[in-house]
Every structure is written in structure tokens, then in C-alpha cells.
Amino acid sequence: MGQIMGSYNARNVDLYMDDKPTFDHQAGFNFDRKERVMVAKEEDLISARIPPQNRDYCAHYLLEYHQCRYKNMPLLYKCAHEKHHYLECQHQDYVLRMKEFERERRLRLREQRLVGVA
Amino acid sequence: MNNLFKSVILSKRHVLSKNTGLIFNAVRNHWNYEYKPGPYPKTPEERAAAAKKYGMSIEEYQPHPEHMGYGDYPKLPDIGADSKDPHYPYDQPELKRNFNEPIHSSAEIFGEDRYDISMRPRFSLAHQWTWFLGTLAGAFALYIYLEDYKIGRPVTAKQYPTDGPHYLFSSK
Chain A
1 MGQIMGSYNA RNVDLYMDDK PTFDHQAGFN FDRKERVMVA KEEDLISARI
51 PPQNRDYCAH YLLEYHQCRY KNMPLLYKCA HEKHHYLECQ HQDYVLRMKE
101 FERERRLRLR EQRLVGVA
Chain B
1 MNNLFKSVIL SKRHVLSKNT GLIFNAVRNH WNYEYKPGPY PKTPEERAAA
51 AKKYGMSIEE YQPHPEHMGY GDYPKLPDIG ADSKDPHYPY DQPELKRNFN
101 EPIHSSAEIF GEDRYDISMR PRFSLAHQWT WFLGTLAGAF ALYIYLEDYK
151 IGRPVTAKQY PTDGPHYLFS SK
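Residue numbers (the working numbering), protein chains in the order written: chain A, 1 to 118; chain B, 1 to 172.
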């Protein structure tokens, strides 16, 4: 329910889930935004046969988790730390997406206000 | 058993002498004149003879149309076994048929456990089709209408490294 109550009005500015940001990434910031770095190497991902939808910015934690599982099978409870690191990275990634959504929504509202005045 | 041997030897001599692969013949090698109906009756005398053959009176005897190829086999009214009186003492109660009663040409689908053509359905076919297609169409229409009112989570698209540079919300 919470995700509806806060963002239902985003459809007023024509913003829906999984939209791409349309504004310049630096707009509204008085500092330079840091870039996201891809840590895992492409050849490692290919060699480990990670599915393409998992080859995101958290893939290096996923690779470590897979290595840990392979080493400790079948005592998988020993990989709890690696799993926690991976899930934490995914959580931060999701929070970043939510922040982007909110930024996009506010920039569109601002644009509407400016256009309304002009 | 002996008859089978005799029929094989009399009719298939070459099989028995050349190779002994096929000794027993599963299909009988004789023909009964009642296996096939006679030709289509054209004159009134032929109709009377055909009606007598099938045990019907001349008034109720009616052959199938000639182009269908049924010969002089009678065209009986389409009554399914399920619609016949259940309390009458039939000679063959399983088939609801009396002795020497002519069998319908489509009797294999009119049995009690199969299609009953003379049934009066509680809801007409048009009624049934309307409700069925109407339910499907209604569900589909609701789906199409609600496509504009979908709700999603407040997140942008998932960020993959191949889709160009992405940025965090902190400074360098």
C-alpha cells in the first residue's frame, strides 16, 4: 500500500514504473555526481555463465557468493555473509532507483510549474 | 479351428506351400447377404418389399435421400435412447429396443451414454453461447479498460552497465 500512496500521483506527470530518466543527470546538483563503477569483469561473468539479467552493478558480490557456495556445498549455511553482502548491494541499488524516480517526479513537477507561469 | 484351417488352405494355397509365415487368418472369408442394404427403391413394389424386409409398415418406411448412398436402409426418426420411455418392458432393456425393431443408421452415437439428439435442453444453445462468449468478452473488455490504470512501484528502470553511465547521489 505504501508504494501506492506516495507515488500514485506520479501518473499526473506521466511517470510510471520502469521509466527511464529524461533529464540531464547533473541538473539541480551543485556538485559533480559520482559515477557507478562496474567491478566484475565481463569475461568473468561470461565464464561463470551468469544470466544476463543478473549482470548488474552488484555482480561481483554474486560471483563471490557463487564461489562460496561451490566451495562449501552442501553446507550452504556457511555462505550467509556473502549472501548478505549481495542482498545489501541489491537493496542499495533499489533505493537508488527509488531516489531517481522521486528526482524525476520533482523535476517534472517543477517543469510544469515553470511552463504554467510562462 | 478346423474351419479356419480349411478356409486358409482352400483360399490361400500359395501361402501355405511357399512360406509358413501366415497360417491363421483373423478375418472371415465369407459374405452374408444382409451385411449391406439393397439398392435405392424406385418403384412402389420395391418400396413395399424393402419395408417388409426391415419389418416396417409401408406408411412409416422412408429411405434416405438417394445421393447419400444408404440404399434402401430406412430413415428412422431421430430419437435418442435417453428420451425413450424408461418404464416400458423392452426386449433389450440396455438398448431400449424390442426384437426385430430396425436400428437407427446412426445408432452408435444415440446410445444412452452418448449424444441424445431429441433432448430438449434446459437452456437453448443460443443462450449458452451468449453467456459463454459474453463472459469471456466481458473479462477481456475489463482487462483492456484497466490497462490505463495500472499501478507500479516508484522505481526507474533497472540500471545495467551496458546502458551507459549511471550516477550515484554523492559527490566525487
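A few of these clues could be false.
Said to hold, decoys possible - Mimicking SDA-like on lysine to any residue, the simulated pairs with C-alpha atoms at most 20 Å apart in a straight line are:
1) A:Lys83 with A:Gln53
2) B:Lys172 with A:Glu35
3) A:Lys99 with A:Ser47
4) B:Lys158 with A:Met17
5) B:Lys158 with A:Arg103
6) A:Lys20 with B:Thr162
7) B:Lys52 with B:Trp129
8) B:Lys42 with B:Met56
9) B:Lys158 with A:Lys78
10) B:Lys172 with A:Gln53
11) A:Lys99 with B:Ile151
12) A:Lys78 with A:Tyr94
Bear in mind the hints are in silico, worked out from the structure with no lab data behind them.
Now for the hints, and whether the structure bears them out:
1. A:Lys83 with A:Gln53: holds, 18 Å
2. B:Lys172 with A:Glu35: holds, 8 Å
3. A:Lys99 with A:Ser47: It is violated: about 33 Å lies between the C-alpha atoms, which goes past 20 Å.
4. B:Lys158 with A:Met17: holds, 10 Å
5. B:Lys158 with A:Arg103: Holds, at roughly 16 Å.
6. A:Lys20 with B:Thr162: It holds: about 14 Å lies between the C-alpha atoms, which stays within 20 Å.
7. B:Lys52 with B:Trp129: violated, 45 Å
8. B:Lys42 with B:Met56: holds, 17 Å
9. B:Lys158 with A:Lys78: Status violated; Cα separation ~30 Å.
10. B:Lys172 with A:Gln53: violated, 28 Å
11. A:Lys99 with B:Ile151: holds, 18 Å
12. A:Lys78 with A:Tyr94: violated, 26 Å
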